[in-house]
Each structure stands twice: as structure tokens, then as C-alpha cells.
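Protein chains: 2
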Amino acid sequence: MFLLNGKAADSIGLEDRGLMYGDGLFETIAVRNRQFEFWHRHIQRLLDGCRRLNIPLPDPEVLLIEARSLVENCTNAVVKIVITRGSGGRGYRPPEQSHPNRFLTAYDWPDYPPERQTQGIVATYCRNTIGINRMLAGIKHLSRLEHVMARSEWHDEAIIEGLMLDSTGHVIEGTMSNFFFVKQGQLCTPDLSTCGVAGIMRDVIQLRAQRLQIPVKVGRFITADIDIADELFFTNSLIGIWPVRQLEHKCYKIGPVTQAIMSSVQSTRLNDESHEAV
Amino acid sequence: MFLLNGKAADSIGLEDRGLMYGDGLFETIAVRNRQFEFWHRHIQRLLDGCRRLNIPLPDPEVLLIEARSLVENCTNAVVKIVITRGSGGRGYRPPEQSHPNRFLTAYDWPDYPPERQTQGIVATYCRNTIGINRMLAGIKHLSRLEHVMARSEWHDEAIIEGLMLDSTGHVIEGTMSNFFFVKQGQLCTPDLSTCGVAGIMRDVIQLRAQRLQIPVKVGRFITADIDIADELFFTNSLIGIWPVRQLEHKCYKIGPVTQAIMSSVQSTRLNDESHEAV
Numbered sequence: 188m189f190l191l192n193g194k195a196a197d198s199i200g201l202e203d204r205g206l207m208y209g210d211g212l213f214e215t216i217a218v219r220n221r222q223f224e225f226w227h228r229h230i231q232r233l234l235d236g237c238r239r240l241n242i243p244l245p246d247p248e249v250l251l252i253e254a255r256s257l258v259e260n261c262t263n264a265v266v267k268i269v270i271t272r273g274s275g276g277r278g279y280r281p282p283e284q285s286h287p288n289r290f291l292t293a294y295d296w297p298d299y300p301p302e303r304q305t306q307g308i309v310a311t312y313c314r315n316t317i318g319i320n321r322m323l324a325g326i327k328h329l330s331r332l333e334h335v336m337a338r339s340e341w342h343d344e345a346i347i348e349g350l351m352l353d354s355t356g357h358v359i360e361g362t363m364s365n366f367f368f369v370k371q372g373q374l375c376t377p378d379l380s381t382c383g384v385a386g387i388m389r390d391v392i393q394l395r396a397q398r399l400q401i402p403v404k405v406g407r408f409i410t411a412d413i414d415i416a417d418e419l420f421f422t423n424s425l426i427g428i429w430p431v432r433q434l435e436h437k438c439y440k441i442g443p444v445t446q447a448i449m450s451s452v453q454s455t456r457l458n459d460e461s462h463e464a465v
Numbered sequence: 188m189f190l191l192n193g194k195a196a197d198s199i200g201l202e203d204r205g206l207m208y209g210d211g212l213f214e215t216i217a218v219r220n221r222q223f224e225f226w227h228r229h230i231q232r233l234l235d236g237c238r239r240l241n242i243p244l245p246d247p248e249v250l251l252i253e254a255r256s257l258v259e260n261c262t263n264a265v266v267k268i269v270i271t272r273g274s275g276g277r278g279y280r281p282p283e284q285s286h287p288n289r290f291l292t293a294y295d296w297p298d299y300p301p302e303r304q305t306q307g308i309v310a311t312y313c314r315n316t317i318g319i320n321r322m323l324a325g326i327k328h329l330s331r332l333e334h335v336m337a338r339s340e341w342h343d344e345a346i347i348e349g350l351m352l353d354s355t356g357h358v359i360e361g362t363m364s365n366f367f368f369v370k371q372g373q374l375c376t377p378d379l380s381t382c383g384v385a386g387i388m389r390d391v392i393q394l395r396a397q398r399l400q401i402p403v404k405v406g407r408f409i410t411a412d413i414d415i416a417d418e419l420f421f422t423n424s425l426i427g428i429w430p431v432r433q434l435e436h437k438c439y440k441i442g443p444v445t446q447a448i449m450s451s452v453q454s455t456r457l458n459d460e461s462h463e464a465v
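Chain order of the listed sequences is H and W. In terms of our numbering, the first sequence is residues 188 to 465. In terms of our numbering, the second sequence is residues 188 to 465.
Computed spacing ranges between beta-carbons, pair by pair:
1. H:Ile415 x W:Asp412: 38 to 44 Å
2. H:Gln433 x W:Gly372: 57 to 63 Å
3. H:Pro282 x W:Gly372: 39 to 45 Å
4. W:Glu259 x H:Pro301: 58 to 64 Å
The calculated lysine-lysine pairs, modelled on DSS-like cross-linking and capped at a C-alpha distance of 30 Å, are:
5. H:Lys370 x H:Lys440
6. W:Lys404 x W:Lys440
7. W:Lys194 x H:Lys194
8. H:Lys327 x W:Lys267
9. W:Lys327 x H:Lys327
10. W:Lys440 x W:Lys370
11. H:Lys267 x H:Lys327
12. H:Lys404 x H:Lys440
13. H:Lys267 x W:Lys327
14. H:Lys404 x H:Lys370
15. W:Lys370 x W:Lys327
16. W:Lys437 x W:Lys370
Simulated from the structure, these hints should not be mistaken for lab results. Yeah, the Cβ is synthetic: ideal placement off N, Cα and C, and Gly gets one too.
Could you put together the complete structure from these sequences and hints?
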């Protein structure tokens, strides 16, 4: 079931600019133990994205009411919120006054095998790269064909995530996650000022690392940096943290920094000031 | 009115991947004097795009029947064809068996002022750039947010088109058109093997130039090349050719090469073997 602008719906107008041009934004929010995890962080990112795309802002109160109505009988679920620029304009040109479309839906909580956290996953490098675009960097927008094509590269069910580079060969993120690695006790993650999606869990992990006094480096890294890393992991709001036990032919351990971060994030997920009750 | 998978419709399922991820393709085809101009070229590009995105191919016969049904009472119009990957899959991951959605609609012929052809237009450089992505280069896909943002940069109605660079500073195309310039009698247009939309009219112009024995160079150009060019023009299937009389503060003439190409394309548009009758 979807709520489109507050009403139950299963379809949207064919002239919607989200459909025509990927002209919109989305958020995917974990609902666990009857909490919208990091709700306020997600909404902040959504509003920031709207500002950057010059889409009129949705009312956060309305979003919360609608999200609650979708999961009132759920303990665990996933809520997706989509904002498009609505219809109108001339071709790519947005209308002077946009009337955004807003829709929300709830999915079942994905039952990822717990071994992905405890034993780590196998990952691959993607051949599809991410284009550099400072104006769109960090935003979770609807023009996601690069990531779709990257995710379509492999069919081996043993491979769980793919690591994407940008068009200049810098490591950026997983197809559906952010990426961290550890080298000599330092936690490293790619700079996302030129492309990539600035994940909520990525922010949370950086904060937790600071509290744990683990040094964090946000920088530009190439595959040679990953080759000599001690630990790797992927992260997003739904999966939490998935350590990497193998990337292509190279094996990695779930080392002490990853373990410390996982345990710290686990406690945050139980209770955080940015959560909101269902 | 839209035809969605052959039936009159005004809406599409909210789980469609075109909407969710910009996962699809489109074509915009000129209908003039009861001809679908360059129909077979448009359909070829659409099918090529489907192959590259691994979307099952639409039946060209069906597309033609449906397009005809939309414009049976029109002399001039615009037909838009959209193919999405349909719904399904897990997140970005496409389903093993896609069931594409296909929809077509017809718009009124845009009555662009004829002075744009006869006197040329004023253009600007866009600050929004195009990301490099060889896997998607040339395709007219639905993930078009870069072009939407570029077109939203200016509100001055005297400026008609914006010239976009890629993230490495190379000139690529207009927000809704391809770009050509003339230098010392040579017709030049940006190489689109790393990004940009390979327009049908761009192909036609290159062929016409060959027949006119005008040398054509497809290459990588920077703004300094444009600064010293003799003539500039934008082109797409609807506008034909719009010479540029001013780009930023620099003025250009509608020179002999542009005039020869315009006149040659004009005769092609009257009758071409890739046209199809309405």
C-alpha cells in the first residue's frame, strides 16, 4: 500500500517528473522495535535534498503522521518516502511553481542472514562507475541508473555487494551502501563531495568512531589503498554494518575496529535521540 | 492522453522502476506534415538503449501502431515514447525477468518562434556539469536530473539554451540539444563516448555534412575552442537547427557552413527514407 499525497493509491500520473526525468528524492528508513531509526536525520537529509534541487519542502509533521499510519501494526518494517517535483514545466525546465508529489510505502523488514554481520560478506568491484557531479553529490535522488547497472553486473548469489569507483578511479561506495576501511587503526571512508550518497549510517558511524576515539579520515582513495587495508565494511540504514571477508580474491578479517564500531552502533540503534516512536 | 502498454491510461504503478530509479529510456519524435520524422532512426536508438540496459525490446510494429493511433488527426505533433524496466527486483537489482512498461503520448507541435532559426539564439554556459559514464553515454535514459538542474539555472527568457560541460571541462551538449561549431570551414561536434545523448539530428547533420563535402571532426573540445569558433548551433529533432548569435558575451554570425547544413537538413526533413507515414 502506498500513500500518495496523503491518500491510499497504487499509481501516479504518467507526466510526473520523477518518472519522466528522475527528478526527485527518496529516503529508506528502518523501523525496528517500533522506532523509526534515525528519523530526524533522514528527514533532515530529505529536506536538504529538496533545498538543493529547489523542490518545495514537505512538512515533516505530515511525513511522520503518514509514516506512522503505514506501520501502526508493525514491530519491524522499512518505510520509503519519495518526493518528486510533480508534473509540469517545459521539458527539463522545472515549472515556476512546483507542486511536488509525496508518496510513502512500508515494506516488510528484510530478513538478511545474520551471518552477514557475524562472518562478513563477499564483495566485488563493479565495472559501472559513478559520474562526478558536485551539484548532486551526497543527495539520495531518483536518477539512479548508474547504481542499477552496477547492481546488475553480477548474478552470483554468493556475492552480496559491489564496490563502485567514480569515473576517475576513486573508490566511492557500494551499490546500495557506504564503504569504510581500516588501516593501521584509522577508520577511512571516501569523500563524497563529488559524487555518491551521503548515508545516514555513515554519519552515525563517524560520530561513534569519534566517541570511541578512533581516528577517522575522509579522503580520496584508490583500489591500491583497499588492497592494503586491514578491515573493510559496508553500511546502510537497513543492513547496519556488513564486514567484508572477501573482496575479489583478497581476504580480510573482521578486526577490532570494525567490531568496536559494530557494537557501538548496535547500542545506538537501541536508543538514539534522532529516533522517533512509531 | 497516454497509451500505457496499449491501453488508454493516465497513471502508472508507484513501484515502476522508471519512477523509483530513472530505470528506462525515452524518445521524442517530430511529427510534421503527417510524417514521423526519422522514425526508424529513433526506434533503432531506443532498441540499442534497451539492449545496453538489458531491458527486453519493445516490438517496433506495436510502437508504430500505437504512435499512429495517437496522431491520426494531427498534421504536426510530437510523440514521446517511454520504456521502463517495469516493476520488481530487489532494490536497485533488476528482476531476472523484466516486464517493461511502455507508454506513448502525443503533444502539440511546439511553435518555436521562427526567428530562432533565422536570426539565431542567445545561449549561456551551465554551471551544472554532466558526469562521465561510458556505460550510459549516448543513451537517452530517464535519469536526467543533471539536465533538469542545468535547465533550472536561468530564468531570463531571452536565453534559449544552455551549453553543458562534462566534469572534466569538455564541452558536451545543450540541456536539450546537441552542439556543433564551425572553425575554418570544419564542422566540429563533441565526442559523446563518455557522456551526453547521441541525438538523431546530430547523426543526420553529420551525414548531410559529408554529402556536402564539409569536413567533420568529432572530438574533445574545451570552452577556449568555442571562444575562437566562427559559427555555433544547437540541434535536436524538434528544433532542427538553432544557430547561436550570442554565447555569454561573445557574438557569432550565422555563417555559410551553418546555412548550408540548415538548407540541406530542411530538404531531408521533407523526405527521408527513415521517415514513416502517420
